[in-house]
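**Student:** Given these sequences and hints, build the entire structure.
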Amino acid sequence: MRWLTLFILAYVMLAIHLGIRAFITWHEAAPNFVLIAAVFVAINAPRNAALLGCFVLGAMQDLFTQQPLGLQAFTLGLLAIVIVRNQTTIYREHPVTHFLVTLLAGLASAAIILLHAWVYGKLHADSHLSPAAGVLLLDALYSALLAPFIIGLLQRRRRWFAFKSGRPSGFNLRGAA
Amino acid sequence: MGLALVSALLLPPDLSNAPRGTLDAAFAPLTIPVRQVSAWAQKKTGTSTDKDAPAAVRQDHDKTPEQLRDEVEALRASLSEITSEVNHLREENRRIAQMGQAGRDCRSFQVLFSDAGQRQSIGLRASKADGVLVGQAVLTPDCLIGQITAVGVGGAQVRLTTDRECSMRVSFGRFEGSPEEGGYRFVPVRTERQPISRGIGNNEFEIANLDLRDVQAAKLVEGDWVVLSDDDWPRQLQGYPLGRIKSIGRQRKAPLFAQITAAPRLNLSQLPNAMVMLSSKK
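For the record, the sequence lines run as chains A and B.
At position 134 of the first sequence the residue is numbered 134 (the working numbering), and the sequence of numbers has no breaks.
At position 32 of the second sequence the residue is numbered 1032 (the working numbering), and the sequence of numbers has no breaks.
No lab work stands behind these hints: they were computed from the structure.
Be aware that one or more of the hints could be misleading.
[Claimed, not checked] In the SDA-like style, the derived pairs of lysine to any residue whose C-alpha atoms are separated by at most 25 angstroms in a straight line are: (1) A/K122 with B/A1254; (2) A/K122 with B/L1015; (3) B/K1253 with A/L115; (4) A/K122 with B/S1007; (5) A/K122 with B/M1001; (6) B/K1253 with A/H124; (7) B/K1246 with A/I24; (8) B/K1246 with B/R1190; (9) B/K1246 with A/G134; (10) B/K1044 with A/L146; (11) B/K1253 with B/T1191; (12) B/K1044 with A/W26; (13) B/K1043 with A/L145; (14) A/K122 with B/R1252.
**Tutor:** Spelled out as structure tokens, the structure:
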């Protein structure tokens, strides 16, 4: 897998997310371009590369929000684990797959954020983290609606990333040891 | 992953903010054009929420005297429409002059991005080298917009007044009078209890600690101004506006308490620039 291409994708998607988010909100909801990028990586990349790629995407997003550090990294990492496990059962070229996987990932992400807010509130008495569930659900739907276009476009340029299908072989976290 | 989870749950906000502001400027080559194009597209499609944003001033130095004369004639024709605008601007000028001291130590910085998550914050193209420090107030000529929460070598992050974690003591007031009566003056509206504002997202904040009787006795109405009245903030900013009341109602869970929702005049996440008050530190 070409890590430089993945890094450029992460940079561009995060920059678009940061720049455009405030201008395309609808009832406070906005699409999560980083989540869409993470879904693209998770449905295509080998296991370890997908986990690391999604985790880094989340960690980068964490640097540009007021949310507690690590929340997005944990969320996208966890989503990558689930998506990668089902990689062989999904038809990664189909727009419906892109829509559904992004929608489910968005809903799971919303559930994690709500659960985190609840637990964080219990642990930190002065905290007022209480994201609106409706907005998070709209976020997920908004992202899912855009996903077929963005992931579809990225799928056409899949060879730029040189993803290796099947069992992981291109990158191994334990390989260096 | 485990480390991320521990950090997300246990790390206090001060430590959480430590690594922030380091990579902000690295994204500027893309985020700034994207923001500019988005703002332009929003203006073109008529979906801009900043109805009161001042129009850009054109500076055409190469016009001939004939063209300028035509332009003056056109402007005279629309004088009646402008008169109401002038009255509005007089009110604005008076208010800015009243709070002008706050603007003396300010420096303007470009906004790089808005929050990447579900919170209300913006990133500025500012660093410690510019004299920006955590805790400094951030404002525009229209309103106080927030406070610096993280500064690094690549940028500074601002928690907006509309963020859920942002609260401050405030008070109310309204402008009374007319040009015929000698101008407008700001009249404070007193309440029994000190109002406390808290951000609720969606470019709004609420005041939920006043009982309904108190609000009715004070004769608060929609459109009244919410201004800062918090000793924890710099003296120059006391009385600086935060926004205007959008709605007043009963709280669902506590019907004896009032639910006051207010909003800044501008969409704070879409600002192209913001001013940091360099001498202030909360």
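**Student:** Does each hint hold? Answer for all of them.
**Tutor:** Here's how the hints hold up against the structure:
Proximity of A/K122 to B/A1254 is assessed by CA-CA distance (about 22 angstroms); at most 25 angstroms being required, the pair is judged to hold. At most 25 angstroms may separate the alpha-carbon atoms for a hinted pair to count; A/K122 and B/L1015 meet this at roughly 19 angstroms. Taken as a hint, the B/K1253 and A/L115 pair is honoured in the structure, with Cα atoms around 22 angstroms apart against an allowance of 25 angstroms. Restraint check: the Cα-Cα separation between A/K122 and B/S1007 comes to about 15 angstroms, which is no more than 25 angstroms; the hinted pair holds.
Straight-line distance between C-alpha atoms of A/K122 and B/M1001 comes to about 21 angstroms, which keeps the hinted pair within the 25 angstroms bound. With a C-alpha separation of about 23 angstroms, the suggested pairing of B/K1253 with A/H124 holds against the 25 angstroms cut-off. Pair hint B/K1246 plus A/I24 holds up; C-alpha atoms about 22 angstroms apart against a cutoff of 25 angstroms. Our distance criterion of 25 angstroms between C-alpha atoms is met by B/K1246 and B/R1190, whose separation comes to about 18 angstroms.
The suggested pairing of B/K1246 with A/G134 holds, with an alpha-carbon distance near 22 angstroms, which does not exceed 25 angstroms. With a CA separation close to 22 angstroms, the supplied pair B/K1044 and A/L146 stays within the 25 angstroms bound. Note on B/K1253 and B/T1191: the hinted pairing holds, with a Cα-Cα distance of about 22 angstroms set against a maximum of 25 angstroms. For the hint pairing B/K1044 with A/W26, the CA-to-CA distance comes to about 18 angstroms; that is within 25 angstroms, so the pair holds.
With a C-alpha separation of about 24 angstroms, the suggested pairing of B/K1043 with A/L145 holds against the 25 angstroms cut-off. Distance hint between A/K122 and B/R1252 is fulfilled; the C-alpha atoms sit about 23 angstroms from each other, no more than 25 angstroms.
When each numbered hint is compared with the structure, no violation occurs for any of them.
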